[in-house]
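Peer 1: So you can see what is in the structure, the chains are spelled out below.
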Amino acid sequence: MKSLPPYWILFLLRKICHEDLLEAVEGDLIQLFNHRLAKLGKPFASLLLLFDILQFIQPFSFRTPQYYRMIIKNYLTIISRNMIRKKVITIINIAGMTLALTLSMVIYSYVVHERSYDRFHEKSDRIYRMSYRYQNENTGYDIHWARMNGKWFNSLPDEFSEISKLVRFQSFRERDVLVGEEKYREQHAFAVDQEAFSVFNYTFINGDAKSALSSPYSVVLTKSTASRYFGNSNPIGKKLQISADNGQQESYTVTAIIKDVPSNTHMPVTLFTGINKPEDRKGWAYTYVLLEEQSTIKSVADKMPSFLDRMNTYSEGESLSVHFMPLTDIHLQSNLSREIVVGGNHQYILGFITVAIFLLFIATINFANLNTVQSFGRSREMGLRKVMGAQISQFKMYFFVEALMLAGISAIIAAIIFFFTRPYLENFVGYHFVFDSYSLVLWTLLIVTVVTIISGAISGQLVTKINTIEALKGKSISNNVRPIKNLLIGFQFALAIILVSCTIIFHRQFTFIQNHDLGYNKAHIMAFTGNSFQVMRSYELLKERLEKITGVKAVSALSEMPSIPIKDMGQIAVVDYPEIDISADMLNMDVNGTDIMDIKLLAGNPLPARLKQRAEFPELNNFEQIRAYVMAQRRSYMINKSAMNAMGWQSPEEAIGNQMSWSIGNIKLKKGLIVGVIDDFHQESLYAKIDPLVITYEPVWFRHVMIKTSSENSFEMHNALESAWNDIFPNQPMELVYLDQKYEQLYKLEQKQLQLISVFTAVAIFIAFLGLYGMIEFALKNRTKELAIRRVLGSDIIQIMKLIGKEYFTLASISLVIIIPIVWKLMSVWLDNYAYRININGVSFLLASLTLIIILGVSLFLHIYKSGRVNPVEALRGE
Amino acid sequence: MQDKGETNMKGTSLGEFEELVLLSIAILHGDAYGLSILNELDKRTGRKIMISSVHKVLVRLEKKGFLDSHLGGATEERGGRSKKLYELTMNGKGVLSQSKELRNNMWADISQLVWVKE
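If you read the protein sequences in the order shown, they are chains A and B. Count the first sequence with this note's numbering and you get residues 681 to 1559, in order. Count the second sequence with this note's numbering and you get residues 25 to 142, in order.
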């Protein structure tokens, strides 16, 4: 069956292609279409055909009848003369469109970058990350981890024919590296299977993917890591010491250097080691699987439950499920516990795209309005053209050409501005945009085309309303088109109000979150974070040394820094209340921990100091030893208010004195008294609600040392702390952070996005202002004589402002009334995402309306003030 | 006027793509039209070529006088449209053999040592 392509496509070809070539080209394309039809199906074949046809818009084949050329030439002359003559309107027009286009380019590159994550791996379409969700119906425990725990899934490639390879990225904690005397700490160092380099694409500068990790204790560095460690000397074969999970230093040899990992990856690795022994392939690991070609992840996922049943035994109410996420989705879609780095946010991407569309809309409407009104200023010319037989289609073409010319100029300027501001922008967001300039150009062309078509169509439509006779008489003809014009301005107002009020609500919510009472005092607290087990064994020694420094008020230690989620949920059992079956996070603190952080005690006491009366803990080398040790210790507990509520106690006093115990997996802590109940504090960001929490003293699990200082954190203090550390741990790198800064980091990304959105909104308002300014200028010009007479008869500026502004103010009020409920509803839905949120009140809308009124007022005033300075006689005498 | 100058200058040297198109036309002898030339080039070079670029070169080569064309060979597959069938003119054949000769001469003058593996 031979079929023909959609008629409209051929019609387009006939409009484009020169008649000499048409027959042959059309035949070829139809034949090609039929070939593709069999292979790809109709939609794709048509799409490709369309692309082929567009390729024929070239000088050699383009259909240009003689009279068209002449007309276009005439239009170009007239348009450029007008552009020069009406400088203000031209500048307004181009400036608005340029701004909108520049910001669209910025948004485009940002969005493309955000969506490009991990696509540079050639097999990215076949790579999936495994994640692991554990639920317990009885205790309400439910955590979805970004990584996997254990070794039971190592056999997946053998079990499932669909899975070609499985790669573990483990030992993902900060790792301390010693190069000679120099100490470094790597945030993203992984121990990986050798096959990591055949699954993922890393570019090797020295060494090769096959042999790099083939022998144990090999290390692969990125280029910048290598130059940090070794400067310019050849790093291959050099030795360095890297800490293992238990803090012990092990000697490694550099076998290969890879290029720095691109910025668009969720795994910003700086150092790889091999997994040294096969039996080390266990524990927590970010786990990726490579599928065989032609296999689908669905068939793997379907078989997973039965595999899990074979591998694991769980008790009643427990369930474990494994999930697969495409590698390329991780950055924007995944927000599980313990991601390697905080990902992007899908919603923000949508938000930015919306802003870009709004901006372009506002600019396009400006465009259409200004082009139209200024052509009315040449009503005689229009009239004459009509009398001489110009057809409506030719008028329309005139506007298309004009819009195209202006939009083209704007696009060129915008591209130049974008090119020069890009470095600053990248500096601001903190990474290099990875995008293809060719597609940026294509998109810009597409936008220019759309803008031209919309604006040309609107202007063209308006011009059809011209009454030839009146036009010839030189009468004002703008009255005929007022409804459409006003509709457009109203629409612009509406978009501006949406942007302004949404931005204000974003800001209020964000400020609210930043200023929300955290339940603890983060001021004047510094911390040595991410310390190894070896370091924390000497905690008491360090504490003693640190407390001697003047300005240090107190020193404490804990298992997880505030601002970082704990996610170590274990089960609670209370002796006298057998019905209690809840789970709670465990935070281990030195006994002065709650004091140092100013956490409010609702009842009872802090952990008793006598807990500390135990011998310095012994060398504990493996999990079993740690488990046996922590299970043998005496306990006292504190709980937070959420835990208290979850357990069903009405008042803190009721909780105090009960015997409880806490257990996670096969680690069961001894029974102990609940000695105190603390008020809830925000361990995590304010996006999360506060989980039940149990606090106990277990130094084996300490990882961070907190130091409360008496004053602002000074340079001397920093140095004193650093030298104290170096005295005790000459071979251990340290990481000294300020708690308040660490806290701010939580919201850094969001803050930047918010700043960007605010800038965009400001620009949108400015563009709207430009448009309005132009429109009023025109309106006033049309009524010069009328206003002059009014002034002669004694009107003052206020009255004239009222007269001219009435129309616009009415428009603004109407759009406010329509828009406010919509925005109100939408933003309430958005705010529901937050555990702690503001309520929308009228303020944001009031401010938005105020902004609008100010814009209107200022543009009116500027004009009227200007025209007010001209002697009315001049205006009346003109003609 | 300008056209003429260009023709003369280009007339002596063929672009690579132009040469490939001329050769394809010679190979396809009698059945050389836009799409068949495209397919031939695709088959031989493996390059992804736009149909528009083929037509563009054909128009140019015909203007230069290397090609002659006539319409014919409409089929159902083409929706009843005729093909524009191209054949080489004397000039076209001349320029092709000229280019071949040039290459042959140059090849003959390459020392065998160049090909010795290092």
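These aren't lab readings, by the way, just hints derived from the structure by calculation. Don't take each hint at face value.
[As the list claims (entries may be wrong)] Away from chain B, derived, C-beta distances all over 12 angstroms, residues of chain A:
#: 1; residue: Leu701
#: 2; residue: Gln711
#: 3; residue: Gln738
#: 4; residue: Val1081
[To be verified] Some chain A residues close to chain B (C-beta under 8 angstroms, calculated; not the full set):
#: 5; residue: Glu706
#: 6; residue: Asp732
#: 7; residue: Asn816
These numbers were taken from a predicted model, which means no experiment stands behind them. A virtual CB, placed ideally from N, CA and C, is assigned to each residue, including glycine.
Peer 1: So, for every hint listed, does it hold in this structure?
Peer 2: Each hint tested on the structure:
The beta carbon of A:Leu701 is not kept farther than 12 angstroms from every beta carbon of chain B, the shortest such distance being approximately 6 angstroms. At roughly 5 angstroms from the closest C-beta of chain B, the C-beta of A:Gln711 falls inside 12 angstroms, breaking its exclusion from the interface. Once the 12 angstroms rule is applied to beta carbons, A:Gln738 is inconsistent with being away from chain B; the minimum gap is 7 angstroms. Taking the minimum C-beta to C-beta distance to chain B, about 24 angstroms, the non-interface status of A:Val1081 holds against the 12 angstroms cut.
A hinted interface residue such as A:Glu706 counts as satisfied when its beta carbon comes closer than 8 angstroms to some beta carbon of chain B; here the least separation is about 5 angstroms, so the hint holds. Restraint check, A:Asp732 versus chain B: the minimum CB separation of about 5 angstroms is within 8 angstroms; hint holds. Using the Cβ-Cβ criterion of 8 angstroms, the hint placing A:Asn816 at the interface with chain B is not satisfied: the shortest such distance is roughly 56 angstroms.
Of the numbered hints listed earlier, those contradicted by the structure are 1, 2, 3 and 7.
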